[in-house]
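So the chains spell out like this:
2 protein chains.
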Amino acid sequence: MATKQLATWACSLEFSSVPRAVVDAAVRSFQNSLGCIVGGSTHPTVQQAIEALKPTFGDAKHTIFGQSTKNASALLTDASNAALINGIASHVHDFDDTHLHTVIHPAGAVVVALLACSESEKARGRSVSGKDFITALVAGIEIGLRVGNAVSPNHYSEGWHITGTVSPIAVAAALSNLLHLQPDKATNALGIASTQPVGIRVHFGTDTKAFHAGRAAQNGMLAAQLAQGGFTAASDALEGRRGWVEVLGNNSNSLDEQLEQLATFSKQDQSNLNRERWEIEKNTFKPFPCGIVIHPTIDACIQLHNTHNLSDRTNIERIKTIHLKVHPLVFDLTGKKTPKNGLEAKFSVYHGAAIGLVLGSATPAEYEDHIVNDPHVLNIRGKVVAEVDERMQSDEAVVKLTMSEGSEIEKPVQHAVGSLAHPMTNEQLEAKFLKQVAPVIGQSQAEGLDRLAWKILELEDISVITEAGK
Amino acid sequence: MATKQLATWACSLEFSSVPRAVVDAAVRSFQNSLGCIVGGSTHPTVQQAIEALKPTFGDAKHTIFGQSTKNASALLTDASNAALINGIASHVHDFDDTHLHTVIHPAGAVVVALLACSESEKARGRSVSGKDFITALVAGIEIGLRVGNAVSPNHYSEGWHITGTVSPIAVAAALSNLLHLQPDKATNALGIASTQPVGIRVHFGTDTKAFHAGRAAQNGMLAAQLAQGGFTAASDALEGRRGWVEVLGNNSNSLDEQLEQLATFSKQDQSNLNRERWEIEKNTFKPFPCGIVIHPTIDACIQLHNTHNLSDRTNIERIKTIHLKVHPLVFDLTGKKTPKNGLEAKFSVYHGAAIGLVLGSATPAEYEDHIVNDPHVLNIRGKVVAEVDERMQSDEAVVKLTMSEGSEIEKPVQHAVGSLAHPMTNEQLEAKFLKQVAPVIGQSQAEGLDRLAWKILELEDISVITEAGK
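Heads up: the sequence lines are chains A and B, in that order.
Heads up: the first sequence begins at 1076 in the numbering used here, then just goes up one per residue.
Heads up: the second sequence begins at 1076 in the numbering used here, then just goes up one per residue.
Do not take every clue at face value.
Since the list gives no way to pick out one identical chain from another, each pair is judged satisfied if it fits inside one copy or across any two copies.
Result set (DSS-like, lysine-lysine): computed pairs, CA atoms no more than 27 Å apart in a straight line [said to hold, decoys possible]:
id : residue 1 : residue 2
1  : Lys1079   : Lys1415
2  : Lys1412   : Lys1545
3  : Lys1475   : Lys1079
4  : Lys1079   : Lys1412
5  : Lys1545   : Lys1079
6  : Lys1136   : Lys1458
7  : Lys1129   : Lys1197
8  : Lys1197   : Lys1475
9  : Lys1486   : Lys1530
10 : Lys1411   : Lys1545
11 : Lys1129   : Lys1412
12 : Lys1079   : Lys1411
Hints in this document: simulated from the structure, not taken from any laboratory.
Kindly generate the complete structure, drawing on both the sequences and the hints.
Below, the structure written as structure tokens:
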């Protein structure tokens, strides 16, 4: 019954039954994701996808974000290609959100699918309001994270890029809500999505990693579209024999616990709901565009840069060795010692430490290829030695500098900025947004888009956002 | 190196180095697949997909087969939707080909992708010849089957619909050949395809099963298109850590043995090649539109129908019980006792036995919903008892009828018609083709299309086939 129950919950969720704290979490997820989509839109990976796919663009009513400057006019395509390309952009800097327990980047695929689908609805004469949009976003993300919980951690550790495997299901759930599918059709939508998982981890460090988010969005959209048209799938697609959890779950938990919590949500009155914690509330936002387990190291290194004036060459050249104590996953996920370009550097704790110390900053600019190959950065990177400390939490690290004259400087970080215990504030999210978006569409347009994102609940028609993000 | 070697082999295969017997096998695979595509095109599953997707059809230069009669004029769409819909049609009757060792239906996805891609090439001014087409088909099918061999049987038995998981890679290999991609780009194409497996077996018996073949075709096409445009993927996508074989293979064999054989192929001269057996030569064609493990049972039942005049009601009503001895996989794959419609009946050895005995025939007509629910068929189906015999081969079965007066009639089948040991002849394939295609596009057009399929090697431009199949 799990698939049916999840589908029924998703397609019938209403704005009025979503607690305020959950709505706020969704708005933050949306704002952060929109910044990543526009911010990523000029990345070579995205431009390459646009060039490769342009000859097959269909019905040009859907926005590819951030292309007005580059293309003199807005770039429009069909809904599916818009979702693919915006989805790639959302993930390409590894700057998007993270649900820490599952390592899912939950918002990107759902947001781009909802944006594309809203433009389709608009073309058919129906305006999607900000509240409609956020309700569907909550439905999609919540379902995705719960399905992810059911197979974590084995699914990811055995090699699946969980963002790509779960997101088709999340997108199908979100669209089932937005399109008001009946429970049986929503069940089919989740089923058709479940049979299209995207993403094996061998592709990390190549263009294909970001592709996973975009393709997942397309798969969920196709699932919803076919289901809406009456296409059938197994009604026990997730929990059934040879279903999603059994085949992709690698002997993980069942869906039952996740379902029980959802059932509680739907039954409780508003006051009780506020005391519960929804999965979407556990979404976190990255201050640095790279694998999240590197964040405590970067946080410590930037603090060291600032407090010890390491922009001064004479100071930084006194460093003899840089010793990192890190969580075990750091090696597993981000152990690349000699990354050759920006995409690979996102999986290098060594590069992260080096830019933190040398440049005092870790934004997309510090992950451009020329920085990854800069002699000064390489010199410092070569002095980094990392060691696993099994007792550490994933948001924790200790960086110790040994100076040429023998003195030591130690900087522990207990909860990295952006972690659950030390979340980014709305002001920090705004600064992150503008830093990404202004170089693409200009400062004043970026500020306008940011304002629209924060006040999405007031919008009668979210097409003002796609307009402003072109 | 496996991914690179497979990709290099696929993109550089030339017609002149393909042995005659392999070419013949490919032409038979093509002819059978084309018949299934046109034959399946009127199925409700296909019509539902067309209706659902029509609003998003793009650039209308690509043929959806078999729609002229239904739509008064030919139905055209973009390349990707054409491949999806023709791919669904190719598999919807479960009447397509089978590589017995892996249970892959190898041709469908590759054929529909090559047809769509040939129409794209045509629109750009390049005619694809029959020899180009067959060379690419061989490259695709051979790679798909070898990748499938590397993970069989665990991959399928653990719940993957191997046709959908392997075909994106096969399609990417075929298109790498057709589009003359360089080895590095062909490697990326296989990589991008590898990250998009389609199909979990929970969906068998629903519209989504046939969807797997169509979506796999689209995934391989997208992979080739992105790779052609310079998009990167892991160069060890198949064999690498957290690559395709490790993540989806369920502790199966490695790719090494498959690679060694391919290497032998490329080095040998023509005379030696003829002595080797390529995987595509092991492709078989179904006389009956259902799970292949049921075929020996149906074969025996049709023989009993004919030799004992069971179309006579008084004769068939004398049957008290029908006892089947079958291969163990029959229960696992086709054990549905009470199928409710045609799609489910394809996985019912009980329905297969009943139609063989009652109607003496098993074509798509005997899998229509009204036959599956016909009282006379149900009455006989209720008398079927099946028993596994561990010693049996998968193309073997024994059917024993016990008559009301106590006598017994036993019919053993050692190698079912259509099996490797008892393959369908070209004449039987022709009859199968016409039986499927004539009801859709008319007898004389069907005969013309069949002739074109057999003489594909003579065609300077395969667009005559898409023209004739509209």
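Each hint, compared with the structure:
no.	hint	verdict
1	Lys1079 to Lys1415	between (47 Å within a copy, 21 Å between copies)
2	Lys1412 to Lys1545	neither (38 Å within a copy, 56 Å between copies)
3	Lys1475 to Lys1079	neither (52 Å within a copy, 42 Å between copies)
4	Lys1079 to Lys1412	between (46 Å within a copy, 24 Å between copies)
5	Lys1545 to Lys1079	neither (38 Å within a copy, 39 Å between copies)
6	Lys1136 to Lys1458	neither (52 Å within a copy, 59 Å between copies)
7	Lys1129 to Lys1197	both (23 Å within a copy, 18 Å between copies)
8	Lys1197 to Lys1475	neither (56 Å within a copy, 64 Å between copies)
9	Lys1486 to Lys1530	neither (39 Å within a copy, 75 Å between copies)
10	Lys1411 to Lys1545	neither (36 Å within a copy, 53 Å between copies)
11	Lys1129 to Lys1412	neither (37 Å within a copy, 50 Å between copies)
12	Lys1079 to Lys1411	between (42 Å within a copy, 22 Å between copies)
Against the hints set out earlier in the document, violations occur for numbers 2, 3, 5, 6, 8, 9, 10, 11.
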